[in-house]
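Produce the complete structure using the sequences and hints provided.
Take any residue in the sequence shown, note its place counting from 1, add 97, and you have its number in our numbering.
These are computed hints drawn from the structure, not numbers from a lab. Wrong hints could be hidden among the right ones.
[Unchecked claim] In silico SDA-like links for lysine to any residue, alpha-carbon gap of 20 Å or less: (1) Lys382 with Val359; (2) Lys158 with Arg182; (3) Lys382 with Thr364.
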Amino acid sequence: MSEPSRFSAPAAPGLPAADPFREQLTSGETLAPVSGNVGQQLRTAREARNMSLAEVAQSLKLGPRQIAAIEAEDWASLPGNTMIRGFVRNYARLLNVDADTLMHGLDAAQLQQTAQLEVSAGTTASLPNTSNRRPQRRDYLAVLAGLLLLGLAVLAYFYAPADFWQEKLAALLARNPIPVQQPAAPPVAPLPAAIGESVTIVPTPNATVLSDTTNSGRGLRLRFTQPAWVEVRDGRGQIVFAELSPAGSQREVAGQPPFSLVVGNATQVTIEYQGRMIDISQRIKGDVARLTIE
Numbered sequence: 098m099s100e101p102s103r104f105s106a107p108a109a110p111g112l113p114a115a116d117p118f119r120e121q122l123t124s125g126e127t128l129a130p131v132s133g134n135v136g137q138q139l140r141t142a143r144e145a146r147n148m149s150l151a152e153v154a155q156s157l158k159l160g161p162r163q164i165a166a167i168e169a170e171d172w173a174s175l176p177g178n179t180m181i182r183g184f185v186r187n188y189a190r191l192l193n194v195d196a197d198t199l200m201h202g203l204d205a206a207q208l209q210q211t212a213q214l215e216v217s218a219g220t221t222a223s224l225p226n227t228s229n230r231r232p233q234r235r236d237y238l239a240v241l242a243g244l245l246l247l248g249l250a251v252l253a254y255f256y257a258p259a260d261f262w263q264e265k266l267a268a269l270l271a272r273n274p275i276p277v278q279q280p281a282a283p284p285v286a287p288l289p290a291a292i293g294e295s296v297t298i299v300p301t302p303n304a305t306v307l308s309d310t311t312n313s314g315r316g317l318r319l320r321f322t323q324p325a326w327v328e329v330r331d332g333r334g335q336i337v338f339a340e341l342s343p344a345g346s347q348r349e350v351a352g353q354p355p356f357s358l359v360v361g362n363a364t365q366v367t368i369e370y371q372g373r374m375i376d377i378s379q380r381i382k383g384d385v386a387r388l389t390i391e
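The structure is reproduced here in structure tokens:
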């Protein structure tokens, strides 16, 4: 007995072309429902009809990847629930599978996947809130502590007595004496002659630093009961003496008057010029005295 011909007549204009795969089944004949999930049922039915993904994709006007996603139930890669339902229904009709049964299975699968996504999203969204609380709190406390320390430093600077800082400076200088040579002395602007007291003395030529035992009475004699810094400029504005002298020492300086002096820790320094004591107590401001001796 010869095999029935599979040739189909061309479709009439305006009507869809006949599906050769549907013609293999008689009217009213359908495949029995296949157990398993939606994608598995469709794949089993397709393989039973010896159809490839490309053939199904061509019949449904879809891409092979979309057909593979339907069979794998990869709903996230497909364009929305409405389109997915249409794809599955057309796929079931193409294979003569009970579409209503598949649609019920599709609804259940999508509901389960949606619930899993919501739980996963809720868990993921809640994690940053709990994990970031402690770092944010630590950052806030660090900023607050920094502002508090800054405020205390400002209060200490403006409200601490002036003598406190002067004593600290004197103690620091006493622990770390730094002798300063004349060429390396820091430049200091010459003081105007109007600052300090004026004492009329016969000028002494030649700006030199004298030893403790020579030319006594001819220049300035400085005595130090505590470490102190003294800078002396002669009448030409040149530095003739600049030194941090230790406690118990004395220095003699000669040069061309008038002499401009800057004396640190001035209460611990006595100045004698040409055998006469110079009173600098009225010139001390903030433990520093500035005066001119002529």
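So, going through the hints one by one against the coordinates:
Restraint check for Lys382 and Val359: satisfied, since their Cα atoms lie roughly 11 Å apart, inside the 20 Å limit. A distance of roughly 15 Å separates the Cα atoms of Lys158 and Arg182; the hinted pair therefore holds under the 20 Å criterion. With a C-alpha separation of about 10 Å, the suggested pair Lys382 and Thr364 falls inside the 20 Å cut-off, and the hint holds.
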